[in-house]
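What follows is each chain in one-letter form.
Number of protein chains: 2
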Amino acid sequence: MQNIQSYIKEHKNRFINELIELLKIPSISADSAYISDVLKTAESIKISLEKAGCETVEICETNGFPIVFGEKTINKNLPTILVYGHYDVQPADPIELWTSPPFEPVIKKTDSHPEGAIFARGACDDKGQMYMHVKALEFMTSTNQLPCNVKFMIEGEEEVGSKNLNEFVKNNRKKLKNDVILISDTGMIANDIPSITTGLRGLSYVEVEITGPNRDLHSGLYGGAVANPINILTKMIASLHDENNHITIPGFYDAVEELSKTERSEMAKAPFSLENYQKALNIDSVYGEKGYTTNERNSIRPTLDVNGIWGGYTGEGAKTVIASKAYAKISMRLVPHQDWEEITQLFKNHFESIAPKSVKVKVTPHHGGQGYVTPIDSTGYQAASKAYQKTFEKTPIPQRSGGSIPIVALFEKELNSKTILMGFGLDSDAIHSPNEHFGIFNYLKGIETIPYFYKYFTELSK
Amino acid sequence: MQNIQSYIKEHKNRFINELIELLKIPSISADSAYISDVLKTAESIKISLEKAGCETVEICETNGFPIVFGEKTINKNLPTILVYGHYDVQPADPIELWTSPPFEPVIKKTDSHPEGAIFARGACDDKGQMYMHVKALEFMTSTNQLPCNVKFMIEGEEEVGSKNLNEFVKNNRKKLKNDVILISDTGMIANDIPSITTGLRGLSYVEVEITGPNRDLHSGLYGGAVANPINILTKMIASLHDENNHITIPGFYDAVEELSKTERSEMAKAPFSLENYQKALNIDSVYGEKGYTTNERNSIRPTLDVNGIWGGYTGEGAKTVIASKAYAKISMRLVPHQDWEEITQLFKNHFESIAPKSVKVKVTPHHGGQGYVTPIDSTGYQAASKAYQKTFEKTPIPQRSGGSIPIVALFEKELNSKTILMGFGLDSDAIHSPNEHFGIFNYLKGIETIPYFYKYFTELSK
Numbered sequence: 001m002q003n004i005q006s007y008i009k010e011h012k013n014r015f016i017n018e019l020i021e022l023l024k025i026p027s028i029s030a031d032s033a034y035i036s037d038v039l040k041t042a043e044s045i046k047i048s049l050e051k052a053g054c055e056t057v058e059i060c061e062t063n064g065f066p067i068v069f070g071e072k073t074i075n076k077n078l079p080t081i082l083v084y085g086h087y088d089v090q091p092a093d094p095i096e097l098w099t100s101p102p103f104e105p106v107i108k109k110t111d112s113h114p115e116g117a118i119f120a121r122g123a124c125d126d127k128g129q130m131y132m133h134v135k136a137l138e139f140m141t142s143t144n145q146l147p148c149n150v151k152f153m154i155e156g157e158e159e160v161g162s163k164n165l166n167e168f169v170k171n172n173r174k175k176l177k178n179d180v181i182l183i184s185d186t187g188m189i190a191n192d193i194p195s196i197t198t199g200l201r202g203l204s205y206v207e208v209e210i211t212g213p214n215r216d217l218h219s220g221l222y223g224g225a226v227a228n229p230i231n232i233l234t235k236m237i238a239s240l241h242d243e244n245n246h247i248t249i250p251g252f253y254d255a256v257e258e259l260s261k262t263e264r265s266e267m268a269k270a271p272f273s274l275e276n277y278q279k280a281l282n283i284d285s286v287y288g289e290k291g292y293t294t295n296e297r298n299s300i301r302p303t304l305d306v307n308g309i310w311g312g313y314t315g316e317g318a319k320t321v322i323a324s325k326a327y328a329k330i331s332m333r334l335v336p337h338q339d340w341e342e343i344t345q346l347f348k349n350h351f352e353s354i355a356p357k358s359v360k361v362k363v364t365p366h367h368g369g370q371g372y373v374t375p376i377d378s379t380g381y382q383a384a385s386k387a388y389q390k391t392f393e394k395t396p397i398p399q400r401s402g403g404s405i406p407i408v409a410l411f412e413k414e415l416n417s418k419t420i421l422m423g424f425g426l427d428s429d430a431i432h433s434p435n436e437h438f439g440i441f442n443y444l445k446g447i448e449t450i451p452y453f454y455k456y457f458t459e460l461s462k
Numbered sequence: 001m002q003n004i005q006s007y008i009k010e011h012k013n014r015f016i017n018e019l020i021e022l023l024k025i026p027s028i029s030a031d032s033a034y035i036s037d038v039l040k041t042a043e044s045i046k047i048s049l050e051k052a053g054c055e056t057v058e059i060c061e062t063n064g065f066p067i068v069f070g071e072k073t074i075n076k077n078l079p080t081i082l083v084y085g086h087y088d089v090q091p092a093d094p095i096e097l098w099t100s101p102p103f104e105p106v107i108k109k110t111d112s113h114p115e116g117a118i119f120a121r122g123a124c125d126d127k128g129q130m131y132m133h134v135k136a137l138e139f140m141t142s143t144n145q146l147p148c149n150v151k152f153m154i155e156g157e158e159e160v161g162s163k164n165l166n167e168f169v170k171n172n173r174k175k176l177k178n179d180v181i182l183i184s185d186t187g188m189i190a191n192d193i194p195s196i197t198t199g200l201r202g203l204s205y206v207e208v209e210i211t212g213p214n215r216d217l218h219s220g221l222y223g224g225a226v227a228n229p230i231n232i233l234t235k236m237i238a239s240l241h242d243e244n245n246h247i248t249i250p251g252f253y254d255a256v257e258e259l260s261k262t263e264r265s266e267m268a269k270a271p272f273s274l275e276n277y278q279k280a281l282n283i284d285s286v287y288g289e290k291g292y293t294t295n296e297r298n299s300i301r302p303t304l305d306v307n308g309i310w311g312g313y314t315g316e317g318a319k320t321v322i323a324s325k326a327y328a329k330i331s332m333r334l335v336p337h338q339d340w341e342e343i344t345q346l347f348k349n350h351f352e353s354i355a356p357k358s359v360k361v362k363v364t365p366h367h368g369g370q371g372y373v374t375p376i377d378s379t380g381y382q383a384a385s386k387a388y389q390k391t392f393e394k395t396p397i398p399q400r401s402g403g404s405i406p407i408v409a410l411f412e413k414e415l416n417s418k419t420i421l422m423g424f425g426l427d428s429d430a431i432h433s434p435n436e437h438f439g440i441f442n443y444l445k446g447i448e449t450i451p452y453f454y455k456y457f458t459e460l461s462k
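These protein sequences, in sequence, are chains A and B. One point on numbering: in the UniProt record's numbering, the residue at position 366 of the first sequence is 366, and numbering is uninterrupted. One point on numbering: in the UniProt record's numbering, the residue at position 130 of the second sequence is 130, and numbering is uninterrupted.
Rather than coming from a laboratory, the hints here were simulated on the basis of the structure. Misleading hints may appear alongside valid ones.
It does not matter which identical chain is meant; a pair holds if it fits inside one copy or across any two.
[Stated by the list, open to error] Result set (DSSO-like, lysine-lysine): computed pairs, CA atoms no more than 30 Å apart in a straight line:
| hint | residue 1 | residue 2 |
| --- | --- | --- |
| 1 | 109 | 445 |
| 2 | 51 | 290 |
| 3 | 151 | 24 |
| 4 | 279 | 360 |
| 5 | 177 | 40 |
| 6 | 235 | 360 |
| 7 | 279 | 357 |
| 8 | 9 | 394 |
| 9 | 261 | 386 |
Whole structure, please, built from the sequences with the hints as guidance.
Have a look at this one:
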């Protein structure tokens, strides 16, 4: 890839400013108040892809938010890379914890990002990482160095479970035909320790509702005599973990892939400081499943977390009330071989079975997806590894991630091709949290590394 | 009491309309958005008391909302009755469950109130019941039948724990000097089964905060590896009751008054249908402490209820987040001899002790009060009993209530006089709930019964 560093140096400010403009649009797919912003973002992606050199770009309508599809074919006999990303973002709350407004991007230096980072919702997840691919394409087309064919599929519902992508993929197998899928929606260990994500956890997300009395009651007149839905909900949720923090849902672990001693000791080689980890989160101690390390707990083991809980009086002051209803949003992270629909059913059956007959319980499945593993001997992984060696001058470490990109398993099933997860974010980039940011170094390094993946993948595919 | 029935008949519509005007003011003391409405309500009470025949009425400032004090002395040698009530109301939420706006009173018939009931927040608790005393005074003064001296003390902070009443009472012992205290802020069994509340539960109300990581985290990257404050909070709250629904806080039951078999069988005589109770609440089963009946559970036994819980993402859709903090509002109803401040301390010590070291816990006491028992052989109780016999033509049943009026214990301590709880509301009046209401029959019957209490108390005090 000739002149790539000089090209990036020359266009650096424009690359940054274009991303900042994109980050100003609050494309929150989970909140219907932002529908027009999400649609506006799709339009802006379309224009960017056209400018970057795609021959055809279309906004494909779905039952939800549209999918932006673009492609450039230079030679039918050459391999085709399908780039996937998403233009929607997480909600920004709790808004009061942001040090600058989530949709007014600013560049600030941090310990991990001495060269500065862009602070905004979506900076890292996934607008910034997705846009690296657009700029990498721009470089390759404008310098006539695109070595193969490329397709882009950028969706707007990843943060709400890719509701409509499934159907789109099934109905467009031919259009999406490819030799490898490339995604940057994960992280790496550190700016001087490149890593490639080889495993993802699956997900099952449900909402539960407990109903006790048919109306809110005075806790003095009824307290102690009727089931309090909030007390019951806490009892039911608490019972989902035993004293060793194993999940108590019958059958939950049946399909779990147990790693060998060798694999676990390989994993253990990844540099990790428990002290720094705890310090970064300001916690005195970690907490999790007995018999596993922190890195195992958040990658190769399934989990169950309450993501939200509410009920009764939560306003200012005091109200002596027994609420009629209590609610919780609960998600389970799954590991390879656990089927998310089966786990969702196991949860539903179990949760309903443990409710005392003094309350009614309703379990509503939200969304989910399967886990995934990328074989490190695949052509795609080898090409990615070489690309990192070229730009970071280090061999990247293969790493299992605790996160979920449900559609990766879908791609393998429907499109029959492997996905390579070239993530350039850091764990400390606070994705899904207040003050999300993405390092300038990481953004530009991604733009530099991606073209080499194209180059080596094309060469290794011969 | 001559012509009382004809007087009530003649002025019935005005009595109802005056109350409706009072109910239109949203005097929610727990929410600072309503400060001016609460103050406006105090003004309106002052005017009502003056019209009703009080010689002097003053609005006594406190560090919070003012206390309206009025009096009429006819003869220093005659006994003095101190009427206590409150003009503040509970918050109206959940607002969407009201069939008519909470501060736009309307009269509707119900099964328990075939003659109609006024629907509005505060209709029963306590504006309606307090206003009965104002109208009863009006009758006695305008017909020259007031048999003794009377004082009114109407506060505006009862629903937030009477924060400033304590100091006011301590600083005004002489001004408040009385022979008996009369309160209508409780209920009776049914319109044809009059009852007088002889026992009240104490209260300890606390708020708890659990802090895990210093920021919201992505549940995929951190799930299973760090303590989730919501999961921890549910575990901690669940552990506060054992499998028999006994409260597990060490020392919690030490001071609890255990009733004798005889007392319990006396209580059991009060008419009660478990079937109707469950039907009215639309529950398949009651739930509570093992070894006690429903009526015992909500009157002679202490309880612990979560009144509100919140944390994480509670908005539309799904957010895969691990919250940094989780909160709950928890209240304990106490029985005679349990000291609320001691119980609050026991809770705090215990709750802090059961927190795993992976989280930080903060317990903030809100407010509280002691339980109380009225001896049925006291002059006040005897006078009340005779009054009910006169107007209901039935002897009222002495009944323990599960509710708390913390200031009753305060009155006994500071003013050294007994309190008589002449409540005319019904359990089904939905106080603290959406669609609170107060029966027209109950309102007028209260106005009719109160003057007889004055009469008999004066006679029995000779």
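Hint check, failures only
2
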